[in-house]
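K.L.:
Using the sequences provided together with the hints, build the complete structure.
FYI, in this note's numbering the residues of the sequence shown are 1 to 220.
Computed list of lysine to any residue pairs in SDA-like fashion (alpha-carbon distance at most 20 Å, straight line): (1) Lys50 - Phe27; (2) Lys198 - Ile167; (3) Lys147 - Ala183; (4) Lys77 - Pro65; (5) Lys147 - Lys177; (6) Lys177 - Leu166; (7) Lys127 - Val34; (8) Lys180 - Ile214; (9) Lys177 - Ala149; (10) Lys106 - Asn85; (11) Lys177 - Leu196; (12) Lys57 - Leu129; (13) Lys132 - Glu58; (14) Lys147 - Ile167; (15) Lys59 - Val78.
Here are the in silico distance ranges between beta carbons for each label pair: (16) Leu206 - Lys180: 19 to 27 Å; (17) Leu142 - Val54: 19 to 27 Å; (18) Gln30 - Val207: 16 to 24 Å; (19) Ala70 - Lys180: 37 to 45 Å; (20) Ala70 - Leu172: 35 to 43 Å; (21) Arg96 - Tyr25: 18 to 26 Å; (22) Ser31 - Leu175: 31 to 39 Å; (23) Leu172 - Pro47: 24 to 32 Å; (24) Pro73 - Asn192: 48 to 56 Å.
Think of the hints as simulated: they come from the structure by calculation, not from any bench.
All values reported here derive from a predicted model rather than from experimental measurement.
Every residue, glycine too, gets a C-beta built ideally from N, C-alpha and C.
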Amino acid sequence: ILIPEDFLLPEKEYLLINLPEMRLYYFRGQSFKVFPIGIGDVNKLPPLGKYFIVSKKEKPYWYPPPSIRAEEPDLPKVVPPGPDNPLGDYALYLDRGLYAIHGTNKPESIGRRTTHGCFRLYPEDIKELFQKISLKTPVYVLYEPFKLAIVENKIFLQAYPDVEKLIKSPFLYLLQKLDKMTASKGVSYQINLITLEKILEQPDGLVHEIGKIIEKPSSF
1 ILIPEDFLLP EKEYLLINLP EMRLYYFRGQ SFKVFPIGIG DVNKLPPLGK
51 YFIVSKKEKP YWYPPPSIRA EEPDLPKVVP PGPDNPLGDY ALYLDRGLYA
101 IHGTNKPESI GRRTTHGCFR LYPEDIKELF QKISLKTPVY VLYEPFKLAI
151 VENKIFLQAY PDVEKLIKSP FLYLLQKLDK MTASKGVSYQ INLITLEKIL
201 EQPDGLVHEI GKIIEKPSSF
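P.N.:
Laid out in structure tokens, this is it:
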């Protein structure tokens, strides 16, 4: 009887976009890569949830949607490939709405809220992603400004601005997340309230240690 000790993991491929973080994560198997992005302006974020890539276009034409033409009526009905095309040289079209992951002719817009709902990447980043990504790849669009992790019994927080002000009480929100994370493990936790308060006042996107896990005493 042969029992294998090594296994090959399936090459599962997907994208994860965290809007407050303004980052796109590309996962394939056990590897991943992170790309900075530009996102939708105020009240122009796309619906959260699961999408799929249904089309890939190199040197895409841009057809300004009605929402943009209403703001800029002098726009032509179609913009051909070239330096004036806001899609850049590559576009990945999603299966819902008119949303796409694409390049840009304005690299300074990356890391800012300047689109009508699409996701912009630097020209070199969208080229790399375009070459790697497959059709029908799932794309998960999330809204999570506060990321928690427990590593070696230490609690870490990475906080970003709540750009749409969707979380009314960040402190309570984080405590509820920690309760869920620790309940299944049968442990408790301590957090540094002063450190946590400073991070929530000025979220900087850095990883901070905010507390530790405490083993609950055994009951007899």
